[in-house]
Amino acid sequence: QVQLVESGGGLVQAGGSLTLSCAASGSIFSFYTTNWDRQVRGKERELVATMSSGGRNGYSDSVNGRFTISRDNAKNTVSLEMNSLKPEDTGVYYCNLARGISNYWGQGTQVTVSS
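If you read the sequence shown in my numbering, its first letter stands for residue 160, the second for the next number, and so on.
Rather than coming from a laboratory, the hints here were simulated on the basis of the structure. Mixed in with the good hints, there may be bad ones.
Claimed, not checked - Computed Cβ-Cβ distance ranges for the label pairs, DEER-style:
hint	residue 1	residue 2	range
1	S274	I187	39 to 45 Å
2	R215	I260	30 to 36 Å
3	K202	G259	23 to 29 Å
4	S273	Q160	20 to 26 Å
5	G169	I260	29 to 35 Å
6	G224	Q172	29 to 35 Å
7	N216	G175	18 to 24 Å
8	R225	S186	18 to 24 Å
9	I260	G174	37 to 43 Å
10	G201	I260	15 to 21 Å
11	T178	L206	29 to 35 Å
12	G217	W264	27 to 33 Å
Please read all numbers here as calculations on a predicted model, not as lab measurements. We put the beta carbon where it would ideally sit given N, CA and C, even for glycine.
Please construct the entire structure, taking both the sequences and the accompanying hints into account.
Okay, here's the thing in structure tokens:
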């Protein structure tokens, strides 16, 4: 069973930065796509950043140019560097490993951006 543990959330002022980290247990990490999703209150969970096992990345329009996803397969970690944060970035951020029908989720970490 894979376990994902996120860290790095918190309260930050608009324009500030935070870096989220996710540590995964097990030996499958390098074979999986790594994603960061977020759940904003009253809205559906959305994918904000993704990085394939081969290192290709992608971002939602709302964060493109401000967020950067990275992964370290040797350490089984994936990170999300978030810059120029906006109040609308407030939400719970989830780390996800995905491959085919297999999906693993972390417990989420709260990010709050004050105006």
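Now for the hints, and whether the structure bears them out:
Between S274 and I187 the C-beta distance comes to about 40 Å, which sits within the given range of 39 to 45 Å. At about 21 Å, the CB distance of R215 to I260 disagrees with the hint of 30 to 36 Å. A beta carbon spacing of about 27 Å between K202 and G259 agrees with the range 23 to 29 Å that was offered as a hint. Taking 20 to 26 Å as the suggested C-beta distance range, the pair S273 and Q160 does not conform, at roughly 37 Å.
As the Cβ distance of G169 to I260 is approximately 34 Å, the hint placing it in 29 to 35 Å holds. A C-beta distance of roughly 20 Å is found between G224 and Q172, which places it outside the suggested range of 29 to 35 Å. For the pair N216 and G175, the supplied restraint of 18 to 24 Å holds, since their beta-carbon distance comes to about 23 Å. The given range of 18 to 24 Å is broken by R225 and S186, whose C-beta atoms sit roughly 33 Å from each other.
Restraint check, I260 to G174: a C-beta distance of roughly 40 Å satisfies the suggested window 37 to 43 Å. Judged by the Cβ atoms, the range 15 to 21 Å given for G201 and I260 is violated: they are separated by roughly 29 Å. Separation of T178 from L206 is about 19 Å and departs from the stated range, judged on CB atoms against 29 to 35 Å. The supplied range of 27 to 33 Å is broken by G217 and W264, whose beta-carbon atoms lie about 19 Å from each other.
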